[in-house]
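K.L.:
One letter stands for each residue in the lines below.
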Amino acid sequence: MGIRFVLMVNKQGQTRLAQYYEYLTLEERRALEGEIVRKCLARSDYQCSFVEHRKYKIVYRRYASLFFLVGVDNEENELAILEFIHLLVETMDRHFGNVCELDIMFHLEKVHFMLEEMVVNGCIVETNKANILAPIQLMDKSS
Amino acid sequence: MEQLKTLGRELAMGSHGQSKEFLDLIKSIGEARSKAEEDRIVLREIETLKRRINDADTPKRKMKEYIIRLLYVEMLGHDASFGYIHAVKMTHDDALLLKRTGYLAVTLFLSDDHDLIILIVNTIQKDLASDNYLVVCAALNAVCRLINEETIPAVLPRVVDLLNHSKDAVRKKAVMALHRFYQKSPSSVSHLLTNFRKRLCDNDPGVMGASLCPLFNLVSDDANSYKDLVVSFVNILKQVAEHRLPKTYDYHQMPAPFIQVKMLKILALLGSGDKQASGHMYTVLGDIIRKSDSMTNIGNAVLYECICCVASIYPNSNLLDSAADVIAKFLKSDSHNLKYMGIDALGRLIKLSPHIAEQHQLAVIDCLEIIQCLLYFMFSYAICKSNQMMISVTEFLLFSSGLDKKLPEADGGGWAAKDWNSRDPDDSLKRKTFELLYKMTKSSNVEVIVDRMIDYMISISDDHYKTYIASRCVELAEQFAPSNHWFIQTMNKVFEHAGDLVNIKVAHNLMRLIAEGFGEDDDAADSQLRSSAVESYLRIIGEPKLPSVFLQVICWVLGEYGTADGKYSASYISGKLCDIAEAYSNDEDVKAYAISALMKIYAFEVAAKRNVDILPECQSLIEELLASHSTDLQQRAYELQALIGLGAQAVESIMPRDASCEDIESASSNGGCYDNDSDKDGDTNLVVIVLAATMEVVSKVLATMVKVVVVTIAIVVDKNLSFLNDYVQQSLERGAQSYIPEDERIGTGNMNNFRSHDHNESLQHGLRFEAYEVPKAPVQPKATPVSFASSADTVPVPEALSSRETRHISSLGLTSEAGSSELKLRLDGVQKKWGRPTYSSPTSSASDSYSTSQKPTNGATQVDSATAVNSKVRDSYDSRKMQVEINPEKQKLAASLFGASTKPEKRSSTSHKVPKSNADGSQGSKAAVVPNELAVEKTIHQPPPDLLDMGELAVTTAPPSVDPFQQLEGLLDPSINSGIAHNVGGTTNAPDIMGLYSESTGSGGYSIPVSGDNVNFLSELSNAAVKATSGETTMTPLPQSIKGPNAKDSLDKDALVRQMGVNPSSQNPNLFSDLLG
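Sequences listed follow chains L and U, in order. Heads up: the first sequence begins at 1 in the numbering used here, then just goes up one per residue. Heads up: the second sequence begins at 1 in the numbering used here, then just goes up one per residue.
Next up, chain L with everything else stripped away, as it sits in the complex (with noise of 0.2 Å):
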């Protein structure tokens, strides 16, 4: 298990997306997401992308007004896990065309699909953009 969750918070610190890969309470991921988007707003540009928070290492990254926030374990490899941040964003990108906070919250769903895509059981299983796209092309044809 190498991911424990995948975050989307704006510079607000309003949660955009919210994906746990272990199952925590509400109240648990309320009190991490709030303790975590603290630590990371409060970062400098110069400041390196990981940080340390409890039992999880926190792989950040910023794009426009919106954090991507991943926890991963000990034993994940942090620099390909920032690239996977922009992996994804480069597939939402695709999808949606210069994709931006708001298609995230009109298609929260797809985004979504696409994490499934991408990720299962915490570890990374498809980086292949057309792969991870294609069932949600295909639903969209379908629908």
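One should not assume that every hint holds.
What the hints assert, rightly or not - Pairs of lysine-lysine residues, derived as DSS-like cross-links and limited to a Cα-Cα distance of at most 27 Å, are as follows:
1) LYS466/U to LYS55/L
2) LYS439/U to LYS332/U
3) LYS505/U to LYS55/L
4) LYS184/U to LYS227/U
5) LYS141/L to LYS126/U
6) LYS493/U to LYS442/U
Source of the hints: derived by calculation from the structure; they are not laboratory data.
Starting from the known structure of chain L, fit chain U onto it as the hints suggest.
P.N.:
Here is chain U on its own, set in the frame of chain L:
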């Protein structure tokens, strides 16, 4: 206009028909400006949903929307459990999109042991058998999230079938479903593990990549069973690295980097400590390290993984050399991310034993010194303290000049120092560095490292991490301390600043060290050490708010050695001790230590035949404690009082000077200092005092009776008091009555006479020496403290002492009585009530633990009372044995239920060919990727593709350290608002975007934390640059120079979104900023 808007909205949202209501909800959430506002919106939404969602007539499309709104409710931190059942229902739907949305919602809402899961398992089973592979995939997704140990059998056969499905997407997910089962319950799929090997050779690279996840787990659980796969992994990795996979798996020109990383992780496990397996890997590792592009993040990610692998497998000098080179590059990088990875990687190389390092002429040694220098600089130790460091610095400079431009020596130091200090202090980096430092600490550098660690420890406020650092400091100091003096000073610092966070054992160790000294026979040095400890403590006492543990150490040391060197007078030290007891008057432990210390001081005075003059404040402290509610404190106070009244010789033998580690064997098992633990050692202490008190009394007043008491004492704690043997012998020779076992002790009833008459009740509880005629329920020893307290108030000192002692006797007497078989039944009841199956009764548990814990000193002093206790002990022993007998049975049962770890049958490696670049048409369609290279080159001189394009807002406005939540709160106040990147109204908006844009174009010097992002730009480069402008084209004509061909598309899209009613001039312009802009 209104019509146009509606039209636009429909266009924008396509045929999915999201309702205006949904759009409004998203819009209001997006524009919410505080957590409170967001909460209000969500609460309103919950009310709406509760009303609507139960409506039976809701069309399915509408229901899907409701489900997504429920997702929002939960995501934003509110309970949406009222709608779970509808999500479950939606999984039953035939329409794929609805079904998948239903599954998604269920996986997000429910844990795998939720009651509703049972309603879904059936649907999953059906869907796994569907003809539509997308339905099967949706179901497999749900399997990976919702199936728990109990429900695995329900879907397992179907999932196994799907491993051979014709669609690779299905095979991939089936592999992951099996992986999940393995994680949840390894035994459930233990017979299916060969499937993972098969899928490693799947024709589809995606399936192959997925199979690496379970294989990684399998290999880390049992590497030996998978050694045969080493060659296959190496071959696959080689092919991957040689671009043999379809181009679609490339990421930033790197061939399938995520697969490479996973493979390297597996190889690291397989090659660990295995020379032969490692031998296969050297070539491919060398190739990858050589080929990897160290200019990109992803290239560095693979490089880092290579280093980890090199450090883990059987060492190869060439590889280690190149690994060290890469690490040096990382460390010297401007990017903190790379520095972080470099420090981590260095830590891994250091783990290799020095022996191997030498043998392979490692560059690691150089690295070590480099890092030492870096640390010196990092902590602004610009001035080298010793020659050794000077050499390291020089080497470091040589090293850097070899790889980098030549730096003059003086400048070089400055350069490095600047590098670490001029930037923001980066906590993540510091922690990582300390982690590394910890690994490379030696006795030669321990002082510097621990010093820095302590400074850092003082500076942080996170208790969790502070504890961690403190324990590391202690560990290093204990292990490498160059001198005891340094050790004590270091420990003082740790205690002073994190005393409440460190383990109490550390304090005991410190006290023991001070007491034992160097362990050599160097008394002068020892006493010097103690004097310096005393002096430092006297200095520290003045500090306010010291942690309790530290105060205990201080009190103990002052008591033991405060007057030892004659520098400080007894009254000075005792005054200090009183100050401590007063200043921390609500800390009983500290007070207990203080009063014991006082006692020692006075004892030493008495023993030295000096006049003890008790300071008034000490007197009042003693009096206060005599009436304390804590029996422990009270006891100590009485002991003190009793002791002062004794003669010099007696005192000398009770409280020998500097003997904390020597005389009392039983005490030494308790941490070396008999009174360093106020609770456990109180009894030992007491016995010594009582003995002394009685000795006096023996010769004077109550000769015979007390002799019995004394003898009894010796028996009571026989295992403890081997040192009493002589005395007992003496007493016997002098005509004292010999010990009478409890059961024969009827005649000693006259003991009662010597107690004051009006204590009838306490007599019953406290002093009962005559055996009971008929076994009755034992008097609860619990009650004795009460009687003790009441009698102690009135009886004269010696008597109080002896009566206190009898408390022990009586409780022990009870023990022996409890030994009779008749009582056993009754005690069984007690046992049940207390829930301690091992012990039959509290008394027996006491005796039991006594006999076991005292074994070392047991020896020849085994006396009758022990045998009296014996039967009881045996009882409890038997019951324990019973338990022991049950355990293996249970274990067997458990093993048969869960543990049957049938080893995966070995399978000779099959053809491990990975399809060479599939000339599939599918990849051809991805032409979009191709132009990238050109685009990248073209734009390489343009501002770095700015992931942070909104960052300038932060730079110019809110400092990053502002708490985002406070910001949110502050948003209610318009004046703060405008300062924090929230533009109200379109007028302010346009210039803002302009500013943004110009800033991003002119930000060539703006350093991005992740270097090498230039290449990130891949497919979107062409239109990326337009992004910042596109939102506002209609209002603010901007320079078009870098607009790409896709500008029109984005403009169209933007127009549509805006018509929808959400537009950039509304309250949150950020919603529109292109993420990849």
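K.L.:
Against this structure, judge whether each hint is valid.
P.N.:
Consistency of the hints with the structure:
Using a Cα cut-off of 27 Å, the hinted pair LYS466/U and LYS55/L holds, with the two alpha carbons roughly 15 Å apart. A threshold of 27 Å between alpha carbons decides the hint, and for LYS439/U with LYS332/U the separation of about 21 Å falls inside it, so the pair holds. Between LYS505/U and LYS55/L the alpha-carbon distance is near 26 Å, which keeps this suggested pair within the 27 Å criterion. With a C-alpha separation of about 25 Å, the suggested pair LYS184/U and LYS227/U falls inside the 27 Å cut-off, and the hint holds.
Straight-line distance between C-alpha atoms of LYS141/L and LYS126/U comes to about 24 Å, which keeps the hinted pair within the 27 Å bound. For the suggested pair LYS493/U and LYS442/U, the alpha carbons sit about 20 Å apart, so the restraint of at most 27 Å is met.
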